[in-house]
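There are 2 protein chains.
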Amino acid sequence: MSDIKVGLFGLGTVGEGIVNVIAKARNANAEIKRVCVRDASKKRNVTLPKEKITEDRYEILDDPDINLIVEVINDPDAAFEIVSEALKRGIPVVSGSKTMIARHLPELIKLQHENNVSLLYDASSCGSIPVIRNLEEYYDNDLLLEVKGILNGSSNYILSRVFDHNEPYEKALQTAIDLGFAEADPSFDIDGYDSLYKLIIITVHALGVYVAPKDIFTYGISHISDFDINYAREKRVKIKLVAQVVKLADNKFTMFVMPEFVTKSRYIYSVDDEYNGVVIRGECYDRQFMFGKGAGSLPTASSILSDMVAHHHGYRYEYKKMGYSDVPQYTTDILLKVYVRFSETPVPELLPFAEIQERYVSKSVNYVIGEIALSDLMKFRGVLDRPDVFIVNFSRFFEDLDQ
Amino acid sequence: MSDIKVGLFGLGTVGEGIVNVIAKARNANAEIKRVCVRDASKKRNVTLPKEKITEDRYEILDDPDINLIVEVINDPDAAFEIVSEALKRGIPVVSGSKTMIARHLPELIKLQHENNVSLLYDASSCGSIPVIRNLEEYYDNDLLLEVKGILNGSSNYILSRVFDHNEPYEKALQTAIDLGFAEADPSFDIDGYDSLYKLIIITVHALGVYVAPKDIFTYGISHISDFDINYAREKRVKIKLVAQVVKLADNKFTMFVMPEFVTKSRYIYSVDDEYNGVVIRGECYDRQFMFGKGAGSLPTASSILSDMVAHHHGYRYEYKKMGYSDVPQYTTDILLKVYVRFSETPVPELLPFAEIQERYVSKSVNYVIGEIALSDLMKFRGVLDRPDVFIVNFSRFFEDLDQ
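Which chain is which? The protein sequence lines are X and A, in order. Position in the first sequence (from 1) plus 21 gives the number in my numbering. Position in the second sequence (from 1) plus 21 gives the number in my numbering.
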């Protein structure tokens with residue numbers, strides 16, 4: 022008899038990985054009791070007895086024998102319906118749905134408290150790297166100053182092809198799609214939303230504050246041009262898509278997702294290909310770096326397995342930091358030093374730079390380097406969305422300390 | 022009123038760090054009630070009210086108001102006396118004493134069970150890097166295959182001066198002592214014992230098996246010569262002091278501490294200076310890399326703080342893996358590929374190599390490269406201890422997979 026009786030929602034890449042990982046992890050003593058899928062007739066890469074597969078979610082939700090629901094479906098709305106229904110019924114859930122969790126975390130926390138039931142989701146951020154659990158349990162004090170990292174494997178794979186293998190961006194993007202590192206519609210990854218959702222979840226466990234997606238500056242890599250790539254190469258830096266949450270003072274913090282010039286001396290410089298890497302900086306321990314496979318069927322499934330076993334041993338997130346007496350406030354009132362490249366759009370006239378430090382003009386391409394408030398980048402976002410414009414951040418926070 | 026009322030044993034580098042860290046971490050709500058030291062009259066770098074300092078351990082052990090003992094003294098025998106006495110009295114303990122823990126872990130686990138009391142010691146392995154907690158809680162299943170890393174900052178600092186800064190070994194050693202990275206008697210660090218004790222603790226939480234120090238091959242870097250350094254440089258590799266525990270099959274594992282040739286493609290190649298780096302390899306998540314400050318006053322103290330807060334929230338090690346149905350057996354019956362350098366000692370005649378693959382002979386220095394059983398390295402240890410002999414391991418396990 023198994024201790025953990027799983028009702029699994031979703032049998033895509035991650036769902037199949039979970040079936041395989043559970044089979045390998047004998048001491049976990051877990052068993053998949055039933056799997057709910059959208060199309061039971063679809064051919065799968067794993068063999069499961071036919072009677073275990075259903076299209077009716079209530080065959081799982083109503084089954085008193087199932088003591089844990091694992092939810093790894095792609096549709097965030099359906100995922101929220103299923104997870105909130107399960108929590109209301111007092112059924113614990115392990116989920117890997119970052120979009121759903123990032124959008125609904127305050128409600129999901131409330132549901133956990135009201136129904137005295139646990140929701141774990143370490144797999145939702147950085148796959149197999151145990152970021153959430155460590156932020157919640159180990160970096161569980163106010164020494165934490167910053168979490169910064171490469172949270173999206175697809176965009177990092179593309180940028181890595183460009184900067185380490187000298188491939189043109191378009192070719193690298195196509196290779197990523199062909200290899201399955203990026204979706205056929207890659208905008209979720211390359212426009213920074215995948216990183217954003219992970220950053221939102223990380224911030225709840227890092228600083229005890231939930232910030233809604235719409236309030237966070239998120240800018241991806243899809244406008245990058247050969248000019249930008251050459252500019253970075255000449256300066257011997259790489260452009261990487263970086264997500265960060267940074268404490269500015271005891272009572273203030275900021276967060277955003279944005280391409281960044283990364284110098285060789287920084288830990289994230291060497292996070293290549295589809296890997297993820299996270300730097301956790303604190304007041305006494307300086308920088309810690311965690312590195313590993315951020316996505317993929319088995320790495321994500323192994324993280325789900327860790328959460329399943331942790332739940333079985335009574336573990337739950339306590340969201341301790343949300344109850345701190347001096348929870349810091351989110352602000353976008355901070356100056357960033359940025360590079361903005363443009364051709365037709367009169368960027369220096371449209372964006373309210375506090376200071377322009379460099380200006381390059383040519384017949385086809387121009388750029389400015391200057392300081393601008395993050396709040397103004399959000400206010401004048403339309404300018405940055407024009408197809409001839411691309412913005413890259415210089416890492417300015419704690420420049421003297423930075424690695 | 023504070024929630025955590027600490028009785029602190031030891032006010033050396035780490036103890037002072039704890040006083041400082043507790044002052045910074047306001048939300049931890051901890052207070053140092055009393056500190057026991059060997060010499061109360063000694064001048065300290067932290068200011069504590071005089072009445073808080075005592076030389077009598079019972080002023081802490083008998084104080085009903087103290088709800089947590091933090092033990093960071095240097096003497097392992099005294100540490101064991103204090104910690105076991107505290108556990109017998111049902112007082113929970115956070116300890117950073119790796120030697121004491123590695124030597125007495127079976128008894129300490131028994132004392133925890135018998136007295137239903139918790140002992141946490143994440144700081145004892147790799148300072149601020151949360152290795153123990155992650156092995157215990159996150160990599161808490163039988164997917165784990167290997168933990169390998171640079172666990173000692175002093176020896177790594179010395180080797181880093183040699184390989185990255187072209188300093189002679191003797192000068193590097195002296196610099197390490199001058200900077201406080203190594204003790205005046207540096208043998209504990211450079212002969213591998215510090216790494217060994219950490220590896221023993223790691224193995225209990227990685228695989229659920231305790232192996233006594235005397236049963237583990239431990240060989241340090243003190244015999245390294247310019248010849249070895251040049252040999253490594255010519256091959257474009259670094260020599261690093263590596264501790265590893267490796268599953269060989271479902272039912273077998275091995276472990277040892279030994280210098281190793283590390284190629285550029287491996288994660289630990291870039292662990293330089295006084296840093297520690299640990300690679301955790303598993304069946305589904307491949308390799309995860311954790312990197313950070315492994316020692317020092319504040320990094321170690323921040324790890325102690327994490328354990329203090331974790332204890333306050335009810336956390337304790339469950340040693341789950343020790344109860345698995347198929348705990349693997351320790352073996353030294355495995356062939357290693359090694360380089361052995363010598364001058365007078367007739368190494369090829371004295372060591373029972375299974376195969377010699379390369380042999381270099383000159384007037385002053387010779388070496389052989391060949392395969393030899395780990396058990397034979399232990400049996401003929403005396404040969405390796407001769408002053409003209411030095412051995413370096415080639416990383417052979419899972420060569421195809423290795424990074």
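Don't read these hints as lab results, they were simulated from the structure. Where hints are given, some of them may not hold.
Identical copies carry no separate label here, and so any pair may be met within one copy or between two of them.
[As the list claims (entries may be wrong)] Dumping the calculated BS3-like pairs for lysine-lysine here, alpha-carbon to alpha-carbon at most 25 angstroms:
hint	residue 1	residue 2
1	71	273
2	341	71
3	45	285
4	384	285
5	73	63
6	73	358
7	109	45
8	341	26
9	71	109
10	273	45
11	358	54
12	45	341
Hints, one by one, checked against the model:
When the C-alpha separation of residue 71 and residue 273 is checked against a cutoff of 25 angstroms, the pair qualifies neither within a copy, at 54 angstroms, nor between copies, at 37 angstroms. Proximity of residue 341 and residue 71 under a CA criterion of 25 angstroms is satisfied in neither setting, with 43 angstroms inside one chain copy and 34 angstroms between copies. Taking CA atoms no more than 25 angstroms apart as the test, residue 45 paired with residue 285 passes in neither setting, with 39 angstroms inside one copy and 32 angstroms between copies. For the homomeric pair residue 384 and residue 285, neither the shortest alpha-carbon distance inside one copy (32 angstroms) nor that between copies (44 angstroms) is at most 25 angstroms.
Proximity of residue 73 to residue 63 under the C-alpha cut-off of 25 angstroms is restricted to the intra-copy arrangement: shortest distance 14 angstroms within a copy versus 70 angstroms between copies. In this assembly of identical chains, the alpha carbons of residue 73 and residue 358 never lie at most 25 angstroms apart, being 55 angstroms within a copy and 49 angstroms across copies at closest. In this assembly of identical chains, the alpha carbons of residue 109 and residue 45 never lie at most 25 angstroms apart, being 32 angstroms within a copy and 40 angstroms across copies at closest. When the C-alpha separation of residue 341 and residue 26 is checked against a cutoff of 25 angstroms, the pair qualifies only between copies, where the shortest distance is 19 angstroms, while the shortest distance within a copy is 29 angstroms.
In this assembly of identical chains, residue 71 and residue 109 lie within 25 angstroms of each other by CA distance neither inside one copy nor across copies; the values are 29 angstroms within and 55 angstroms between. When the C-alpha separation of residue 273 and residue 45 is checked against a cutoff of 25 angstroms, the pair qualifies only between copies, where the shortest distance is 17 angstroms, while the shortest distance within a copy is 45 angstroms. Taking identical chains as interchangeable, the C-alpha atoms of residue 358 and residue 54 are never at most 25 angstroms apart, the minima being 54 angstroms within one chain and 47 angstroms between chains. Taking the shortest alpha-carbon separations for residue 45 and residue 341, only the inter-copy value of 18 angstroms comes in at or below 25 angstroms, while the best intra-copy value is 34 angstroms.
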